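Chemist: Take a look at the letters that make up each chain.
There are 2 protein chains.
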Amino acid sequence: MGQAVSVRANTDPTEAVAEGRRRVVIESIWPQVDGGRFPIKRVTGDAITVEADAFGDGHDELAVRLVHRAPDGTISETPMEALGNDRWRGELSVDGLGRHGYRVAAWIDRFATWRGDFEKRVAADQDVSVDLQIGAQLAEGAAARAAADGAAGDGRRLNELASELRGEDGGSGSGGVRAALGEELAGLMARHPDRSRETVSEPELEVVVDPPLARFSSWYELFPRSTSTEAGRHGTFADVIARLDYVADLGFDVLYLPPIHPIGERYRKGPNNVTTATPSDPGVPWAIGAAAGGHDAIHPELGTVDDFRALVAAAAERGIRLALDIAFQASPDHPYVDDHRDWFRSRPDGTVQYAENPPKKYQDIYPFDFETADWRELWLELRRVMRLWMDLGVRIFRVDNPHTKPFAFWEWLIADLKATDPDVLFLSEAFTRPKVMYRLAKLGFSQSYTYFTWRNTKDELTDYFLELNRPPLSEFFRPNAWPNTPDILHEYLQHGGRPAFIARHVLAATLAASYGIYGPAFELGEATPRDPGTEEYLDSEKYQLRRWDLDAPHSLAPLIRTVNRVRREHPALQSNERLAFHSIDDEQLIAYSKQSADGRDTILTIVNLDPHHARTGTLELPLAELGIDPERPFEVHDLLADTTLLWHGPRNVVELDPSRLPAAILDVRPSVRSEADFDQFM
Amino acid sequence: MGQAVSVRANTDPTEAVAEGRRRVVIESIWPQVDGGRFPIKRVTGDAITVEADAFGDGHDELAVRLVHRAPDGTISETPMEALGNDRWRGELSVDGLGRHGYRVAAWIDRFATWRGDFEKRVAADQDVSVDLQIGAQLAEGAAARAAADGAAGDGRRLNELASELRGEDGGSGSGGVRAALGEELAGLMARHPDRSRETVSEPELEVVVDPPLARFSSWYELFPRSTSTEAGRHGTFADVIARLDYVADLGFDVLYLPPIHPIGERYRKGPNNVTTATPSDPGVPWAIGAAAGGHDAIHPELGTVDDFRALVAAAAERGIRLALDIAFQASPDHPYVDDHRDWFRSRPDGTVQYAENPPKKYQDIYPFDFETADWRELWLELRRVMRLWMDLGVRIFRVDNPHTKPFAFWEWLIADLKATDPDVLFLSEAFTRPKVMYRLAKLGFSQSYTYFTWRNTKDELTDYFLELNRPPLSEFFRPNAWPNTPDILHEYLQHGGRPAFIARHVLAATLAASYGIYGPAFELGEATPRDPGTEEYLDSEKYQLRRWDLDAPHSLAPLIRTVNRVRREHPALQSNERLAFHSIDDEQLIAYSKQSADGRDTILTIVNLDPHHARTGTLELPLAELGIDPERPFEVHDLLADTTLLWHGPRNVVELDPSRLPAAILDVRPSVRSEADFDQFM
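Protein chains in written order, with the working numbering: chain A, -9 to 672; chain B, -9 to 672.
Treat the hints loosely; a few may be bogus.
Since the list gives no way to pick one copy over another, a pair counts as held whenever it fits inside one copy or between any two copies.
[Stated by the list, open to error] Simulated pairs of lysine-lysine, DSS-like, Cα-Cα distance not exceeding 25 Å:
1) Lys448 x Lys351
2) Lys351 x Lys408
3) Lys351 x Lys110
4) Lys259 x Lys532
5) Lys110 x Lys350
6) Lys110 x Lys448
7) Lys408 x Lys448
8) Lys351 x Lys532
9) Lys350 x Lys532
10) Lys425 x Lys532
11) Lys259 x Lys425
12) Lys425 x Lys408
13) Lys350 x Lys408
14) Lys448 x Lys532
15) Lys259 x Lys448
16) Lys259 x Lys408
Simulated from the structure, these hints should not be mistaken for laboratory data.
Just so we're clear, the structure is a prediction, and the values are computed from it rather than from any experiment.
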C-alpha cells in the first residue's frame, strides 16, 4: 500500500504487559473462597486436592505444578496431572498447624512439545536431522540451567546427550533418535525446565490448618455454679473438677463454661428473668463486670486463678478441652464503664446507652461502641483479654453474639491470635441471618452454631444439611449442632418427651461431625418452658442456681455414652464430607449415610421424627455408591440396639418405635463372604 | 484478676485495618466475570440489573447505592432496593460506547435505624424525650454536612427540624414526634448521609458497551475474487460493489471478506490444495504477503486503496458493514521475512520455521514467533496494521486463528484499539478447545465462532445452546453461528440436500442472535466434498476462482431473505437472553422459543432435523411462562409459510415435511380477544 497512514499514538505494550511472552493462563482454581479473599479450612494430616484450568495459546505441551507454602515458609512443588479439557489436578498434604498457601505454576514445556512432534516425524519416516539439532539446542539450554543451579553432573550429561543428538559422537543418526526419545533425556529435561516465562496464579490461596478437634468434637455445656452437691451452695471450679469424670464417661471432649467473670449488680435479673432481684440472686453470667473485676477476672465464688489452672489441667488429664465463653459486653458495674467511658455510647442525658431491641430495654447490659474514636485501644484491650485466658491454658473460645461486633474486628483478632497460637479454636454463637453467619465463618471462626435447633422436619433437615455441605460453604463453615442451649428449649423437646430427646441427640451427633448439648438439662430431659410459646427454660440456670440429680433413672446418659463411643470408633461420623440422604417412604422417617474419606466405613442413620407413633417405611439405598455389591447380601449392625441384620438388595423395610428406640445407627458392611471377595480384589 | 499477665507483642490493629469502624461488607456482586478480572459485555441502551449482598454487624439499617462510572468519567448513583436475605438490587443504563465501571457502595444509615426504633418506642408509648435529642443530634450532623456541601438551604432547614425535635421551638413534645417521623426530615437526611465510613466494593467491575451490531448481526462471507461476472477474470472491489445490492436484498448487514492482501508465490497451493500450482493459480488468500506488500497492502488484482474506500462507502449506503479478515501469519514472500527476520523462528539449518502439525508441513505459511525478543515491536506493527484498516473505515475484524497467538497480545490489542474506537468489533475464529475459546471472549473478542457447525442432533443443539446461555459465559461470550464456512462443509449438508440447508439456516438464524453463511456456496446448495470423509469443499474458492449462478432456480435466496426479515422485525430473535427449549415427542423435531426482554415478542421455532422424512410430534409449551393465558386460545402465525393457526392449551400436534418445508418460525401471541383483555390489565 506504500502510503503512510497516521497511527494515533497510544499505549506502549510494555505499559500494560511486562512480559508479552508469558503464554500460559491459569483459571478456576478449586478449592477457594471468594477468589482467595478468605482461606479454606482443613485439619492436620488432610490431603487437599487442587484443580485448575491451565492452557496456553496454540498446541504446545504444558508443565503444571502445585506450589505449596508451609506456615514456616518452606516451598514444595508437586506435578499436576492433566484431566482433559485443560483441567489439571494435584494434591498437597497439610501436616503443620497454621496458614498454608498454595498456587498453581505452569509454563510451556518446549522439550515435551518437541519430543511429541519428534515421535510423529519418526513414525512418518521423515528426515529428522534438523529436528535433532533443535532437540540438541534444547538440551544445551537445560545443561546451562543445570550448571547454573549447581547440578554440574546433570549439566555434563545433558551436553553429552546433546552431542549424541547432533551425531557428534561419531554414532549413526539412529543413535541420535534413540537418545532423543530416551527416558534419560526426558528425565533430565524435566529436572531443569525453562521457567523464565512461567505463569504463577495470583493471589496465593490460603488454607487454615487446625487441630482435628476443629472438625470432630463433642461439646458439653454446664453452669459451674450449679455443680455444687450441697443445696444452695454456689458451685466452684473444684466442683467442676469433681464433675469431669462424669463428662468424660459420657464421651465428650470439650467442656464449655458460660462466662466465669464477676457479675454486675445494678439492674441484676432475678429468677425467670424478673427485674427485681434479691441480694441472694446470683445474676446472669453474661452481665459481665463488677467491683471484683471484668473480663480478666474470675467470679470470686467460683475460685481463684490457681483453681482455674487446676480445672484446665484436670480436664486435660481426661482428654477434655475447656471452652470459655467470650461475651464482649459489660454490666453497668464493669470497671471499663469508669475507666473507658468512651468505649460506650453516651446518651444526651449523660447516661450510658444500654442494650435495646426497641421497645425492649436491657439495662443490665452495656454494649461496647465499636464506632468509638478510641477503637484501636478497645481492640487491643479485648485482645489482651483473649491472650490472658490463652496463657492460662484455654485453647477454645465460644464467642457470644459475634454478629453484633464489626466483622473487621473478628478477622483481625482471630488472625492475630492464631498467628502465634494456631491451635486455638473459635466457635461462633451467631444465631442470625445466614449470610452474616457465613461471613463470620469465612473471616476465621473455626466452628459455627447452626439453625439445627429449629430444623425438625425431614425436609427442613435435608435441605439445611445439603446447604451446609454445598461448596464453597463446606470449605469454610463447620457446623456445630446443638439440640438445646440455655436459651433454646425447642417446642419439639417440650412436647415430644424422651423419644424427642433421643431423636434430636442422634440427629445432632450423626448429621454433624461437631455437636453439643447443654447439660445436665438435656440428659435429664428438662422440658418445661417458662411460659407457653417461649423457648426459655422454666427456672433457667441463667438466673439461678440449680441442682441436678445425675443418677436419675430416666437419664439419657447411657444412650449418649453409646452414641459418643460410636462417633469415636467410626471415621464416617468424624467429617461431613460424605453425607447423603436416602429415600424412605414415610414422611416421619429420615435416613442418611456418612462415609469415611477412604470409603471403608459407612454409617447409616435412620430416625423416626414422630415421637408418638411407630413408623414403618421402605428404605432405598444406592448400594453401588456405598461400596456394597447389589448382588450380594450385606450386614447391617445396629450400634444402638447391638443387633445385626442381613439385608438383600437396595430396598429394605425399616420400623422404628419411639416407645422403644426412635433411632438406629447402622454400621453397613459387605457380608463376611462378600468382604473376603472384596479384599481379594483390592 | 489483678496480676499482670504478659501479652505477647503482636500486630497493631491499624497495620491490618485502616478504619475499624467500617462496618458494612459487600459480597457476591452479580454480574461479574472472574471476580472482576474481565468485563461483562452489553450494547448501547441496555439496562443492567446489578445485585449484591450487603450487610453490617448488628441490626442497623443500611443505605446501599449502585455507583456507575461512564466512559467519560462521569459518576452517577442510584439507590439499590432490599430483596430480603441481605440481597440488594439496582439498575444502571449504559448509553455510551466504551468501558463503563460499576461498584456497590453501602453504609450504616444511622438516621433510618433511629427512625425505625423511634416509631416502635412511640407505638409502645415510651418516654422518647432522650430519643428526640438523639434524633436532633443526627439532624444537626446532616445540617453541617449540607452546609459543607454548599446546600445551605437544606442545612438551615435541618437545623430548624433539629430544634423542633428538641422542643426548642416552644412547641409541645408531640410536635417533635411529628417532625421526627415526617417525610421532610427523612428526605433531607437521605440527601445528606454520613458516608465517612462507607464501604465501596473492590475492584471496580467493568462493562464493555458495544454497538447493537455486536449482539445482533447477520453475516455474509464471499470471496471478492469470485465476484467477476466474466469467466476467468479475477474479481475486483468494483465487482463486489455490484454484488452489494444482492447481499442487502438478502437482508445481511455484515459483509465479510477473506484476506485482501497480496498472496505469496513460493509453495503456493493449486486447486484442491495440490502443492503444484501453475502460474495462473491465484493462491490461498491466507498466505499473506508478496513483493506487492503485506498486511498493509491490497492485492493488485482486487483494486486500489481508493477502490477499497469506495467499497466501504457503497456498503455503508446499503446498511452493510465490511468485516475484514485479520490473519497474523506470513507467506515466505512477505516483506516481514526480510525486514524482520527475528519475528520468525529460525531453524538450525538457517531456514525459517514454517507452520506444522507434525507430521504435516505447511511450507507456504510462516507463523510469527510471538516469543521473539523483539515482541514489543511485533505487537506495535500489528497494531499499526489494524489502525490502518480502521482508518480506511473498517469497523469489524474477523480474526483468523486467534488461539495460536498469545492471550496477552489480544487483550492488549483489543483494549488499545477500543480505547479510541469503542465501536470496533472483533469476531474470534477460534475453532479449538472450549476454555481457549471462552478465554478469548473474556479478554475482549466481541463475538465468537462456535461448535454450531458440528452440533446437528437435538441433544447436541440443546446442550450446547444451554451451555452458551449459562452465566457467567453468557455475560462475555456472544455466539456467532455458521452453518458452513469455506473450511467446513459438514456431512449433514453433504447428504441432506435442500432440507438440510434450510434446517441449518433456520437453526443458525433463530438459535443465535448473530449468524452467518459463506455464500454463494450456501444459498446455491454447494454440497460436494473434495474427498469422501472430508469437510473440505470440492474446487474450493480457497484455491481457485469460482463463478456462481446467483439466479439458479434452486437458490435459497428467497427463504434467506424471509428469515432475515423476520429477524429484523422480531426483537425476540435479536438477543439470546430468553432462549428456552420445549418438549416435543419426536427425536428429530426440535422446538425452542425466544422472547424479547419486555416479554411482548415471542418466537417459537420448530425444525425437523431429519432431511428425508416427514415427522409429527406433540409439542408441549409452558404457556404461563410465555405470557399466554392457558385457558384461552392463542394465535400461532407461521412466518415462513405465512399461515395462522389457533392453538388451544399447552399441547399441540406439529408436522413438518422436509419435502415442503422442514422448519416453522412461529409468532406466538394471545388471540385477538385475549389480547384485548390483556391490554386492559396492563
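Chemist: Would you mind marking each hint as holding or not holding in the structure?
Modeler: Okay, the hints, checked on the actual structure:
Taking identical chains as interchangeable, the C-alpha atoms of Lys448 and Lys351 are never at most 25 Å apart, the minima being 38 Å within one chain and 65 Å between chains. In the homo-oligomer, the alpha carbons of Lys351 and Lys408 never lie at most 25 Å apart, since the shortest distance is 36 Å inside one protomer and 60 Å across protomers. With identical chains, the CA atoms of Lys351 and Lys110 are at most 25 Å apart between copies only, with a shortest distance of 12 Å across copies and 82 Å within one. Proximity of Lys259 and Lys532 under a CA criterion of 25 Å is satisfied intra-copy only: 9 Å inside one chain copy versus 92 Å between copies.
When the C-alpha separation of Lys110 and Lys350 is checked against a cutoff of 25 Å, the pair qualifies only between copies, where the shortest distance is 10 Å, while the shortest distance within a copy is 81 Å. Within a single copy, Lys110 and Lys448 get their C-alpha atoms no closer than 60 Å, and across copies no closer than 37 Å, so neither meets the 25 Å cut-off. In this assembly of identical chains, the alpha carbons of Lys408 and Lys448 never lie at most 25 Å apart, being 38 Å within a copy and 56 Å across copies at closest. Proximity of Lys351 to Lys532 under the C-alpha cut-off of 25 Å is restricted to the intra-copy arrangement: shortest distance 18 Å within a copy versus 84 Å between copies.
Proximity of Lys350 to Lys532 under the C-alpha cut-off of 25 Å is restricted to the intra-copy arrangement: shortest distance 19 Å within a copy versus 83 Å between copies. Proximity of Lys425 and Lys532 under a CA criterion of 25 Å is satisfied in neither setting, with 29 Å inside one chain copy and 59 Å between copies. Taking CA atoms no more than 25 Å apart as the test, Lys259 paired with Lys425 passes in neither setting, with 33 Å inside one copy and 64 Å between copies. In this homomeric assembly, Lys425 and Lys408 come within 25 Å of each other (Cα to Cα) only inside a single copy, at 24 Å, whereas the closest approach across copies is 39 Å.
Proximity of Lys350 to Lys408 under the C-alpha cut-off of 25 Å is found in neither arrangement, the shortest distances being 38 Å within a copy and 59 Å between copies. Taking identical chains as interchangeable, the C-alpha atoms of Lys448 and Lys532 are never at most 25 Å apart, the minima being 32 Å within one chain and 66 Å between chains. In this homomeric assembly, Lys259 and Lys448 never come within 25 Å of each other (Cα to Cα): the closest approach is 39 Å inside a single copy and 71 Å across copies. For the homomeric pair Lys259 and Lys408, neither the shortest alpha-carbon distance inside one copy (36 Å) nor that between copies (69 Å) is at most 25 Å.
The structure is inconsistent with the numbered hints 1, 2, 6, 7, 10, 11, 13, 14, 15, 16, although it conforms to all the rest.
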